[in-house]
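Spelled out, the chains give:
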Amino acid sequence: MSNAKPLPVITALDRGFWDHARAGRLAVQVCRNCGHAHFPASPVCPECLGDVQDWQPVSGAGTLESWAEFHRAYWPGFAADLPYTACLIRLAEGPVLVSNLVGNPEKAKLGAPVHVVFEKITDEITLPKFSLD
Amino acid sequence: MGEHAGMSNRAAVIGVGNTAYGSFPERDEYALGAQAFRSALSDAGLDKRRVDGLVVCRIGYYARMGEVLGIDPHWSLTLPPHGRMSGVGLIEAVQALATGQATTVALIYANIGRSRRVNYGGDEAPSVWDPWGFTSPGASHAMMFRRHMELYGTTTRQLAEVSIAIRHHACLNPDAVMKKPITVEDHETARPIVLPLRLLDYCLINDGAVCLILTTAERARDGRKPPVFISGFGGLDAFRRSSIANFDIDCWHDEVAVAGRESFAMAGLRHDDVDALMCYDNFSPTVLFSLEGLGYCPRGEAGRFVEGGTLKLGGRLPTNTDGGHLSNSYMQGWALNVEAVRQLRGECGARQVSGCAVVQYVQATPCTRSIVYTRG
Ligand SMILES: [Zn+2]
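Just so you know, the protein sequences line up as chains B and L, in that order.
Following the working numbering, the numbering of the first sequence begins with 1 at its first residue and continues without gaps.
Following the working numbering, the numbering of the second sequence begins with 134 at its first residue and continues without gaps.
It is worth saying that the hints were derived from the structure and are not from the lab.
All of these numbers come straight from a predicted model, not from anything done at the bench.
The beta carbon of each residue, even a glycine, is placed where N, CA and C say it ideally should be.
Be aware that one or more of the hints could be misleading.
Now the stretches of chain B that chain L is said to cover, found in silico as 3 or more residues with beta-carbon under 8 Å [said to hold, decoys possible]: (1) 58-70; (2) 74-85; (3) 94-101.
Throw the hints in and build the complete structure from the sequences for me.
Dropping the structure here:
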């Protein structure tokens with residue numbers, strides 16, 4: 001296991017996100033009271049404090065807000081991937097999240113349109129990543 | 134009128150001390166903390182029995198620290214081991230003094246991360262983004278600086294000016310860890326860590342400890358050395374956007390602006406009055422973000438502002454005259470506050486800012502703070 005990449009520890013709070021990802025859908029948490037959409041998961045809505053929330057699929061479209069190219073492996077499991085690119089994505093539905101930019105990261109530009117792609121890691125875990133349109 | 138009416142110049146720093154900086158595998162944080170405490174007491178000419186307030190940061194167990202020092206404080210505060218806590222702790226100490234909860238406060242910070250091989254990323258700092266390999270404060274700063282490059286055309290050669298100026302100061306500081314001058318080419322060709330940041334954009338990791346002793350303005354008049362007053366402070370936290378650690382999509386611009394404005398208003402001072410800036414420099418881009426937030430230059434123009442030696446001794450705004458986190462010591466803001474005091478006392482030798490009367494400390498972090506110090 002020491003050469004593996006870190007896997008998410010799924011909790012009751014974020015199980016919906018990983019269930020959707022496994023089915024090839026990107027989802028964010030949406031408050032049933034005020035409609036606020038957010039990620040990562042929060043036990044209550046950070047806008048209205050409501051505690052009834054759902055995981056709702058989003059379009060998977062977004063814009064590139066920034067990126068960074070890793071030349072150091074903080075886990076041995078990433079050593080073979082160096083350099084790899086982490087990115088900051090603003091989803092069309094609002095939430096901002098971190099992922100990986102795959103495909104042609106050297107063509108990255110601030111504000112570039114991106115779309116989600118999925119990479120199956122294990123039977124349980126599929127990671128949403130992003131690619132330039 | 135400042136936001137903290139009546140708090141200006143109520144407290145003063147009367148003693149500062151630090152250990153050597155390096156790797157000390159056989160000494161723990163209590164040993165280093167005690168050494169810094171002894172050094173600050175001696176600097177203040179103070180008997181330890183006068184200390185009735187204790188602030189500890191990055192120290193395992195506050196009561197053990199008190200046991201080691203042989204003190205039972207009337208007031209104490211334990212801060213989490215985050216870099217951003219130095220400004221927080223100093224401001225809390227001022228308020229404890231102003232309200233009479235303590236008459237003399239020692240603030241002790243120790244770091245043993247070098248000898249214990251702390252590396253500030255990976256499994257040491259688990260986060261929701263780990264599966265994507267996104268980790269470490271440096272990566273967050275790389276992401277912020279990339280935005281700055283894209284939005285404003287800032288270049289890594291401009292960023293180099295920050296590391297070069299601060300290294301220049303370290304070369305003038307006998308205590309500093311890094312004492313070899315660097316050039317733009319050294320910066321541009323340094324080992325890439327998380328691009329656009331390279332090794333010379335990263336702070337050091339070293340062991341050491343720092344202590345500051347504060348007392349009320351009235352008591353400070355009787356000290357061994359001239360008091361250095363805390364004339365202004367201000368701050369604002371950015372917690373709502375903290376799911377990405379050590380990151381803010383706007384580079385804490387608005388938080389730094391509020392902190393700076395409050396601290397200047399409270400002190401009754403302006404940018405032009407500041408003789409030296411002590412700027413939290415965990416990564417070189419933080420300095421650019423701080424300059425813009427504080428208003429030393431317009432937003433987006435910090436890259437141009439730092440060109441031509443602006444931050445060097447003798448330049449328009451000498452910054453981190455001790456060598457900062459980048460080249461002196463990773464004391465997470467605490468040593469920068471010590472340097473502010475030493476500059477205002479005129480004790481800095483080859484790196485002394487001439488006629489230094491006002492020094493500003495700033496930390497652009499999820500807990501942003503600014504403190505304005507003046508000579509007594
Ligand atoms: Zn809500």
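Count residues of the segment 58-70 of chain B with a Cβ under 8 Å from any Cβ of chain L, then say if the count reaches three.
Result for this restraint: holds, n = 6.
Are at least 3 residues of the segment 74-85 of chain B within less than 8 Å of chain L when you compare beta carbons?
holds (count 6)
8 Å C-beta criterion, at least three residues: is the segment 94-101 of chain B covered by chain L
holds (count 4)
Hint check: no violations occur; every hint is consistent with the structure.
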